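Put together the whole structure using the sequences plus the hints.
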Amino acid sequence: MEIFTMPLTFSRRALIPCAGLAASAILGSAIVAVPSSAAQAAEGFTRRVSVEPAGFTDAQGVAWEARTGFDGGRYWNPGAFDVAGTTNDQLYRSEFWGITGWHTAVPSAGDYDVTLHLREAWFSKAGDRVFDVTAEGQPAVTGVDILKAVGARTAYTKTFRVKVTDGRLDLGFKGSADLPQVSAISVTAAGTATAAAASVTATQSGSSATLAWTADASPAKGWYVERDGSDSTGYGAWGSTVSGASRSQTFTAMVTGRTYHLSVTNLDTGQKRTVAVTIGSNPATPTPTATTAPTSPSPTTAPTSPTTAPTTAPPTTTTTPAGLTVTASAVGATATLTWTSTSTPGKGWTVGRDGTDSTGYGAWSTTVGGGTRSQTFTSLAPGRTYTLTVRNADTGATASKTVTVGSTATFTPSPVPTTTTSPAPSPVPTTPSPVPTTPAPTPTTTAPAPGGTGSATARIFGTPRSGKPWFSGAWRAAPFTPASVDAIGAWRGSPMDAVTTYSNKENPGAIADSLWNISTFNGFGGILSYNLTLVPGDRSVNLAGVARGDLDWVWKQNAQLLRANGRANSLVNIGWEMNGDWWAWSATSATASQFRAAFNRVAAVMKAETPGLKFGFILACGRGINGQSNRLDAITQLYPGDQYVDVVGCNTYDWWGDKARNDAEWAHHIRPSGGVGIADMADFARQHGKGMAIPEWGPAATSVQGSGDNPFFIQKMYDWLMANKDVVVLENYFMEAASNVANSLVNPTQMPQSAALYQKLW
Numbered sequence: 002m003e004i005f006t007m008p009l010t011f012s013r014r015a016l017i018p019c020a021g022l023a024a025s026a027i028l029g030s031a032i033v034a035v036p037s038s039a040a041q042a043a044e045g046f047t048r049r050v051s052v053e054p055a056g057f058t059d060a061q062g063v064a065w066e067a068r069t070g071f072d073g074g075r076y077w078n079p080g081a082f083d084v085a086g087t088t089n090d091q092l093y094r095s096e097f098w099g100i101t102g103w104h105t106a107v108p109s110a111g112d113y114d115v116t117l118h119l120r121e122a123w124f125s126k127a128g129d130r131v132f133d134v135t136a137e138g139q140p141a142v143t144g145v146d147i148l149k150a151v152g153a154r155t156a157y158t159k160t161f162r163v164k165v166t167d168g169r170l171d172l173g174f175k176g177s178a179d180l181p182q183v184s185a186i187s188v189t190a191a192g193t194a195t196a197a198a199a200s201v202t203a204t205q206s207g208s209s210a211t212l213a214w215t216a217d218a219s220p221a222k223g224w225y226v227e228r229d230g231s232d233s234t235g236y237g238a239w240g241s242t243v244s245g246a247s248r249s250q251t252f253t254a255m256v257t258g259r260t261y262h263l264s265v266t267n268l269d270t271g272q273k274r275t276v277a278v279t280i281g282s283n284p285a286t287p288t289p290t291a292t293t294a295p296t297s298p299s300p301t302t303a304p305t306s307p308t309t310a311p312t313t314a315p316p317t318t319t320t321t322p323a324g325l326t327v328t329a330s331a332v333g334a335t336a337t338l339t340w341t342s343t344s345t346p347g348k349g350w351t352v353g354r355d356g357t358d359s360t361g362y363g364a365w366s367t368t369v370g371g372g373t374r375s376q377t378f379t380s381l382a383p384g385r386t387y388t389l390t391v392r393n394a395d396t397g398a399t400a401s402k403t404v405t406v407g408s409t410a411t412f413t414p415s416p417v418p419t420t421t422t423s424p425a426p427s428p429v430p431t432t433p434s435p436v437p438t439t440p441a442p443t444p445t446t447t448a449p450a451p452g453g454t455g456s457a458t459a460r461i462f463g464t465p466r467s468g469k470p471w472f473s474g475a476w477r478a479a480p481f482t483p484a485s486v487d488a489i490g491a492w493r494g495s496p497m498d499a500v501t502t503y504s505n506k507e508n509p510g511a512i513a514d515s516l517w518n519i520s521t522f523n524g525f526g527g528i529l530s531y532n533l534t535l536v537p538g539d540r541s542v543n544l545a546g547v548a549r550g551d552l553d554w555v556w557k558q559n560a561q562l563l564r565a566n567g568r569a570n571s572l573v574n575i576g577w578e579m580n581g582d583w584w585a586w587s588a589t590s591a592t593a594s595q596f597r598a599a600f601n602r603v604a605a606v607m608k609a610e611t612p613g614l615k616f617g618f619i620l621a622c623g624r625g626i627n628g629q630s631n632r633l634d635a636i637t638q639l640y641p642g643d644q645y646v647d648v649v650g651c652n653t654y655d656w657w658g659d660k661a662r663n664d665a666e667w668a669h670h671i672r673p674s675g676g677v678g679i680a681d682m683a684d685f686a687r688q689h690g691k692g693m694a695i696p697e698w699g700p701a702a703t704s705v706q707g708s709g710d711n712p713f714f715i716q717k718m719y720d721w722l723m724a725n726k727d728v729v730v731l732e733n734y735f736m737e738a739a740s741n742v743a744n745s746l747v748n749p750t751q752m753p754q755s756a757a758l759y760q761k762l763w
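Residue numbering for the sequence shown follows our numbering, beginning at 2 and increasing consecutively.
It should be emphasised that the hints constitute simulated quantities derived from the structure, not laboratory data.
Predicted, not measured: the structure shown is a model, and the values here were computed from it.
Warning: the hint list may mix true and false statements.
Result set (DSSO-like, lysine-lysine): computed pairs, CA atoms no more than 27 Å apart in a straight line [to be verified]:
id : residue 1 : residue 2
1  : K149      : K126
2  : K175      : K149
3  : K126      : K222
The structure is reproduced here in structure tokens:
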């Protein structure tokens with residue numbers, strides 16, 4: 002999980018939400034060539050502006066300018082994820098949020114069609130973000146609610162006509178719930194001949210569906226037709242360019258009973274129309290309104306594998322085009338797809354699976370780098386057959402393999418070995434830079450060997466002001482002030498020892514400019530648990546580049562900011578949750594050595610600048626890593642060594658496969674079958690003479706696959722912390738009222754039973 006920060010007028014942001022389906026919305030009845038009562042705008046004028054810091058040409062061959070013309074706002078790119086309802090993921094992945102306006106010059110007075118390109122990748126519930134748009138000072142769109150319209154992580158467009166009289170088009174944005182955001186804006190002169198499709202319909206027959214559209218002109222660059230979802234072969238979202246004269250497209254091999262969203266985009270103007278159709282339904286003209294898909298888990302703690310044996314099931318079926326070879330194997334509740342290819346696609350590989358996993362989550366896909374050659378799928382259902390697919394995003398070449406997941410015996414988690422017994426990490430695609438010997442010397446003080454006198458807390462951080470054996474704190478959503486954190490301490494009856502905060506993430510400059518993220522807690526008497534981005538969201542520098550020293554100036558500036566704001570004793574969690582696949586710095590068995598080198602480089606630079614800083618190696622509990630052969634590989638392969646690490650730990654939540662509602666589930670929670678747990682991290686901390694931390698923990702609402710108000714979990718956490726007080730140095734409750742977790746204990750109280758017990762125990 003993460004915080005996303007801005008000045009103190011910031012209303013509410015806390016977690017990254019889940020996936021949804023597709024649609025496109027048109028204001029009024031359609032995007033049609035409406036006669037203008039005023040002079041027509043300059044025919045042929047089109048401007049397309051993305052929110053990216055650099056311009057690009059999208060998957061459909063359409064050029065988008067770099068970000069320009071915005072008033073206010075902050076950039077956010079959550080990393081690679083599949084955007085439903087489009088094959089143009091690059092356009093929709095990023096957002097510019099907190100905007101108050103946008104403007105562009107236009108060649109003449111007249112009517113212009115404006116399209117807002119949107120998606121929601123932060124919130125997960127309708128009503129969490131709602132905003133209005135004005136054009137030339139007049140209302141243009143009211144009540145924009147992306148989640149209500151199409152669900153999360155789904156492409157969505159809003160188009161409206163604007164009359165411009167002064168040569169400059171001005172838009173205004175105002176949020177009624179949270180802050181406005183867009184992914185791109187396109188403007189087209191209303192008189193342009195190549196208008197969008199005037200109407201779209203979809204009909205289905207058997208396993209096929211035909212998308213038909215009408216238009217009064219044929220775009221020179223043609224139409225881009227696409228569908229979302231997966232077909233009956235397991236192949237994911239698909240799109241293709243057809244000629245400007247085309248007026249229909251048939252999609253085949255579709256899954257009976259599944260609802261698809263079919264779209265057509267004018268490649269001259271970028272305007273898009275979408276319609277939904279259900280395969281196997283009676284032929285009808287569906288409405289262009291999508292339903293909301295089941296949501297996936299928030300990416301802090303991914304679903305873990307069920308407790309099944311590591312039995313291997315042989316693959317059964319292969320579909321392979323020339324030049325692309327695939328193999329697949331299933332072990333326990335996971336399956337790994339491996340492929341060979343002579344090409345390294347610039348747009349990467351799209352990998353996915355069909356079916357439903359053991360948590361009830363449906364078909365899933367993601368995009369990985371062009372140098373990647375394997376993908377591991379977790380939380381699969383025992384005895385079920387899955388089709389695993391890989392697609393070259395440059396050429397469309399696709400190969401698939403079916404595997405059956407084993408279903409016998411019981412998996413007993415093994416303890417952390419005294420010495421690493423896991424096989425060596427797979428070769429890294431590129432030679433990683435060595436762990437730097439400069440710019441910092443070896444720390445002057447190192448943690449004592451196991452068995453040293455005194456608690457880890459006293460040795461690393463000193464004495465907690467709460468009087469507890471460890472530093473006890475919280476993450477608290479807006480307002481981000483010392484008073485809001487201290488209010489929790491006053492409520493529970495003991496002062497807060499620590500607060501969780503996060504650096505910026507978007508690009509190197511933003512990470513370096515994390516002053517507000519630190520200074521907003523000036524005056525708070527506890528320490529900071531500071532989660533530090535390791536690879537920028539724009540991926541302008543990768544792990545190897547960080548290890549090489551390309552961003553040393555960023556880490557030096559962060560260390561200076563911490564020291565200048567009285568936070569020289571902070572716990573800096575470098576590249577937290579690196580074993581997950583949701584961050585730009587996510588690591589695998591293949592990139593483990595790069596991660597270790599990058600971590601140590603950052604720690605060395607910051608230690609040289611601010612020697613009092615402590616460094617945390619923090620995983621996501623219950624989550625394995627791609628390429629693992631043992632559930633503990635996230636520790637044994639990614640741990641950067643004892644030189645700079647002061648604290649090890651993981652973030653843990655009461656949800657998905659890690660629910661803890663009884664003693665048996667609690668035993669699984671602390672030593673999950675699919676990855677490391679808090680008990681594993683405590684063992685590892687003792688063996689290496691380190692402290693153990695849980696910078697994020699808490700229950701979660703049933704709406705996000707949590708156990709809900711669960712005082713059993715609160716009691717078990719407290720009992721476990723007390724039993725391990727010799728090594729536990731910090732725990733921070735993740736207190737968030739937003740729908741992504743909805744676990745606030747006070748102001749507001751969303752879980753009254755848990756709140757009462759927490760208040761009593763803490």
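Now the hints, each set against the structure:
| no. | hint | result |
| --- | --- | --- |
| 1 | K149 / K126 | 8 Å, holds |
| 2 | K175 / K149 | 18 Å, holds |
| 3 | K126 / K222 | 38 Å, violated |
Hint 3 from the earlier list is the only one contradicted by this structure; the remaining hints agree with it.
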